[in-house]
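The listed protein sequences correspond, in order, to chains A and B.
According to this note's numbering, the residues represented by the first sequence are 6 to 1036, in order.
According to this note's numbering, the residues represented by the second sequence are 3 to 214, in order.
Think of the hints as simulated: they come from the structure by calculation, not from any bench.
As the structure is a prediction and not an experimental result, all values here were calculated from the model.
Any given hint could be a false lead.
[Unchecked claim] Quick list of in silico lysine-lysine cross-link-like pairs, BS3-like style, CA-CA up to 30 Å: (1) A:Lys-748 / A:Lys-696; (2) B:Lys-195 / A:Lys-454; (3) B:Lys-125 / A:Lys-469; (4) A:Lys-454 / B:Lys-167.
[As the list claims (entries may be wrong)] Covered by chain A, per the in silico footprint, the following chain B stretches (three or more residues, Cβ under 8 Å): (5) 151-157; (6) 182-196.
The beta-carbon is built from N, C-alpha and C at its ideal position, and this holds for glycine as well.
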Amino acid sequence: MGVALARSAQWTAARYGTRALETTPLNEAILEEIMMFVESFIYKHPQEAKYVFVEPLEWKTNLDPSAFESGYIVSETTVKSEEVDKDGQPLLFLSVPHIKIRSFGQLSRFLLTAKDTKLKEAQACIEANEGPVTKILGLDYNTMKEDTSVVNILDKITKEEDPASEIKMKLGKLLEQLDLHLLNHSLRHISLEIRLNPTIVKNDIELLKHFSGKGEQTVLESIDYTSDYEFSNGCRAPPWRQIHGEICYVLVKPHDVETLCITCSAEGVFLNGGKTNDEGEINYERKSEIYKDLVTFLKEKSAKFSENMSKQDVRFSEEWKKEKEEPKEAPKKEEAAAPRKALPASSKSMLEKNQINFGKSQMTKRLEPSLNWKATIDFKEHKSLLRDIQEEKRGGRLESKSAEKIEEMISESSSESEEDEEPPDHRQEANADLPSEYWQIQKLVKYLKGGNQTATVIALCSMKDFNLAQETCQLAIRDVGGLEVLINLLDTDEVKCKIGSLKILKEISHNPQIRRNIVDLGGLPILVNILDSPHKSLKCLAAETIANVAKFRRARRAVRRHGGITKLVALLDCAQNSGEPAQSSLYDARDVEVARCGALALWSCSKSYANKEAIRRAGGILLLAGLLKTSHENMLIPVVGTLQECASEENYRAAIKAERIIENLVKNLNSENEQLQEHCAMAIYQCAEDKETRDLVRLHGGLKPLASLLNNTDNKERLAAVTGAIWKCSISKENVTKFREYKAIETLVGLLTDQPEEVLVNVVGALGECCQEYENRVLVRKCGGIQPLVNLLVGINQTLLVNVTKAVGACAVEPESMMIIDRLDGVRLLWSLLKNPHPDVKASAAWALCPCIQNAKDAGEMVRSFVGGLELVVNLLKSDNKEVLASVCAAITNIAKDQENLAVITDHGVVPLLSKLANTNNDKLRRHLAEAISRCCMWGRNRVTFGEYKAVAPLVRYLKSNDANVHRATAQALYQLSEDADNCITMHENGAVKLLLDMVGSPDQDLQEAAAGCISNIRRLALATEKARYT
Amino acid sequence: MNRKKLQKLTDTLTKNCKHFNKFEVNCLINLFYNLVGEVTEWQGITIGLDRNAFRNILHMTFGMTDDMIMDRVFRGFDKDNDGCVNVSEWIYGLSIFLRGTLEEKMKYCFEVFDLNGDGFISKEEMFHMLKNSLLKQPSEEDPDEGIKDLVEITLKKMDHDHDGKLSFTDYEQAVREETLLLEAFGPCLPDPKTHMEFEAQVFKDPNEFNDI
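Chain B extracted, bound-state conformation:
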């Protein structure tokens, strides 16, 4: 990609993104192309990070482990649902992922947790997401008992309209009361430590960021 094009791309993306300045956008674009590799752009074919590559980044850089959550994060990034994250989706996604306001993050997290995208987090979805959250105890009569119980606890805490599922309003109210519940069903945002490391590394000298 030539310099002019890059310049233009940076400008447009900077305009659309409120959380990053021009330098930062530039760094992230560079990082993106570094990650994608030197594939020359064919006419008509958008290049980007496919699911596996993206999950790899989430895992290696941000220390995420939960497969399902990582899939959902990928979906959150991949706005146009074409199976790969292109450069503008990359910048936009990261702006929320790293610098989003509480509102933006709530919206993002809710989308991640709403597995079927019906606007509610149902009991089944919660169960699905919390499935691996408890250590299996050999003495437990029913290994799912604890998870079910945990789902009930969560509902009791967050389901303000008592309809047995979480709407965005429920979720928003609960998070505003207790910010810790933002990532109630699994870590889908970078934890503060990796977050800082990432920013420090990327925004300092992107050229050395090859080892991912």
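Isolated chain A, as found in the complex:
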């Protein structure tokens, strides 16, 4: 009863002063149950009913003395029961309105007397009597119970050998039974209610956010979570608060009230103590009543909210309904699932356990009413209770740790780009059936803790026989506290214990949660230290464990901070000096094995930028290059894997080239092992950005194996790596020729459909490079490659779009291909990609449009047919991305070839926009800008306008650039502009004549011509002026 009352019954908030039970259905149900129990007590247990309470239950009653009938001595204001205790005191004493009752018999009768008001009486009784069990059975009973050593009480009771005590104990049992019954009952009750869950809360908050902000019309000024971090179960409360069912905390600023700090929990929404200090700690204490949801709560707290809500109501409620309908189904389904690891779940399991124990004791009681049973049964009970408590403690501790970790994670700088997300901690469901392994492992851990080294080794060996790849076992080891012991063992001097422990850690650290736990328990520094051990097998095992653990950023950083990288690199060295005398010890592994484990660990670590750097500084590249010469596959995989990770860094690529690593990579492409092939291809992909490397790959005969690996499409990862390598290699023309020879292009076209995006990106990239050559363009068209390419234009992957647009653009150079593209509406698709938010895609699409416009029949008509297309292009000139600007200028150059279109873009204000761009140092942009300007001069008074917008002077400066293309384009633009007299003057003022005179001497005919034309225009103007002056 005590537990049920304390935990389940919903007490009103403390601020109401006296304790009061809220009138909720749950509480009423509990009261009903208690009443039924009490009422029937006198019949069911007549003996126990006579037992006199240690302290009377007292409360204020509304019952009139006149209600009492036979068996009572009734006066006007007092009632005494005729039943008295051994000292002659009445067991019921009423002195209006106070009543004292001292036995269950009297309680039963009292309730029968009370009839209709009994519910109120029972409520009053429970409200007034804190800890009724204590009062009934005495203080020692209750405190002992809290001590959980039921044994003691029983001992005490049995020693006394007093019939009264026997009854007392029975009574205790009965009350306990009632307690369980109540808890069960209330659980059933609770589970019937639809309660808040993270999804609902989140939707509510999102919706409210939608309607908050500054201004009078909004419902709130602001609403924000206190924490940005969301656990995978949707909660934002720290794990140790989630136990209490709390989901998240929200800071709400209504228009008319101070900021409210609100707790959203599974039970409902209430005000908490707010942020206590600057560090953002929240005072979790409940400070208000519980409301059923956030809106109800806010309506209560803020009048403005309620008012504005009703205004918004129509709009709001629609969305509200929509949002609410979906998740409403969810919670029921997820009843037992993770999101609600709230109190009910755990208490339920405890209840179940207790019930089992209880059932046992009940049974034995009936069978064997001697003294013996008490000891045995209660011992079991005692043990299980102890275990529960231990588990609770452990759970609590670890969870608070994980919370610290989360804070740490948030505060961490994100200098390292790649990271795996740290999965949130999933404790094993408290109510899940624990497998038998769990108990066996628990026993073994006990021996690990309490045994000397002999026992420890036996326990470790036995533990190793469990299926450690299975998550149940992995988590069981952790949950019974085995992880701490295993890590502690690493710190001892016992080589055997260390080896045994590492063998287990190595296996269980495949589990992401265990990895995190190992790091949290400070395992990494110890592991790193073991790398210095004289025993090679210890080194191996430690390195392998590190390889498993260092799969996430924090762990990798820890390895580096503790000097692990240098030590791991040193392990690689072992294979070289094999002249070392063999140790006769049992604990030695082969040198090659040590190096392999070292490489494995480095591979894991090399996913962080800083670690790559550390490996390089420790001289890792040379050693890796050395190991690459071996022929052991299991050595090569981690070595190539590490190299491949590191090749993302420029330093490494240079070293890889210098250390003749490419040769070995190519050699291993021919290996049988798919993983090895994959990593080799990946490494080549990373390195082939560099021209020399691409040539090296060809010279070492790497293109053929790459091409032949294309035919095996089952292993997508390898395919992605291989196509990547092909893409990068085909940047070199010579390589493309080779690929054509090996029929790789046909195969690539075949890979354009039904492949994952990673593969597609590379395939399309490779085709884009190949199509720079005429033969390949024809080949792609003949193989039917254009259709799938155009189809890919509707994708959303940015990298893929960049490559696809490039490939389509390359194909469009061929008029025949262009016809196909046009027929497939490819140009429209390209044009719409100009709206893509990503600048690279925009630029690439604009570049691709150029050949399309050049080669399409009726290009002008086609361009005009895109509604709003020309305006879109002109507006892209406002971009601040140089590549986009250059590409759009190029597109405008092509568009402007059509007079009508030129007129349209002039109307859209292309001239001022182009003029504004003139002040740039980017040669690519300069060239295309100059071309665009020279084209745009062809319409109306655009020449004059360019002059007005001061585009001429900067253009003159372009002539000082080093790029011949810029010279040509600029000279042509200047020639066009020089048709206007004012522009000629500007040019002359800016010293164009001298620069142009130099250009006339250029071997480039177009440039010569344009420069000469321009000079002649300037000269003619000068002559005309002179003439005018002297006549």
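Given the structure of chain A, go ahead and fit chain B onto it with the hints provided.
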């Protein structure tokens, strides 16, 4: 003992011992006589280390603590069962103790663990050897419960023919699967650290090895 005799002794022992070279044998012989003390050899009476002296060495030099295991190690050394380890038994024993192959060590360890020498390690023997391996927990109902359980765990792990006792075959198979089980019932070989210290000290300058 005169030099000639010593020379001869060294030669014979070196011939019979595959793990030590002549220099090492010489060092160990010197150590032996240092340990025994300058007792002149009486005709017919073999001199050697008696049980206590030997146990003292095991304890001081190799850090062994378990009385029973040390007794068994002594028996392992004392091949002729005459109650003392003579010089050839000393050399032979140490060759396995320090440098033995896995096979030799397995044989040696099994003999140590087979308390009654019947060729099997029985449950009772295991119990006896593991008796002190667990910390007594006050809450434990039966302090031997844990040990019994540990014996069962060991049997489950090592008793491949399920006859409730370990034959040498069982033991050998288990150790080959998991080398850690070599000294399953108690440390009877030097641990790597003391082992290295011992060799370093003895084979460097045996004359200074007086303080044991």
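Exercise. Would the pair Lys-454 (chain A) and Lys-167 (chain B) pass a check requiring their Cα atoms to be no farther apart than 30 Å?
Worked result: holds, 27 Å
Exercise. With a Cβ-Cβ cutoff of 8 Å, does the region 151-157 of chain B contain at least three residues near chain A?
Worked result: Check passed, 4 qualifying residues.
For this session: Quickly compare the C-alpha distance for Lys-125 (chain B) and Lys-469 (chain A) to 30 Å and report which way the hint goes.
Result: holds, 22 Å
Exercise. Straight-line Cα separation of Lys-195 (chain B) and Lys-454 (chain A) no greater than 30 Å?
Worked result: Status holds; Cα separation ~24 Å.
For this session: Take the C-alpha atoms of Lys-748 (chain A) and Lys-696 (chain A), compute the straight-line distance between them, and say whether it is at most 30 Å.
Result: holds, 23 Å
Problem set entry | Outcome, coverage hint (the region 182-196 of chain B, chain A; C-beta under 8 Å; three residues) | Coverage by chain A holds here, the residue count being 11 at a Cβ distance below 8 Å.
Checked against the numbered hints given earlier, this structure breaks none of them.
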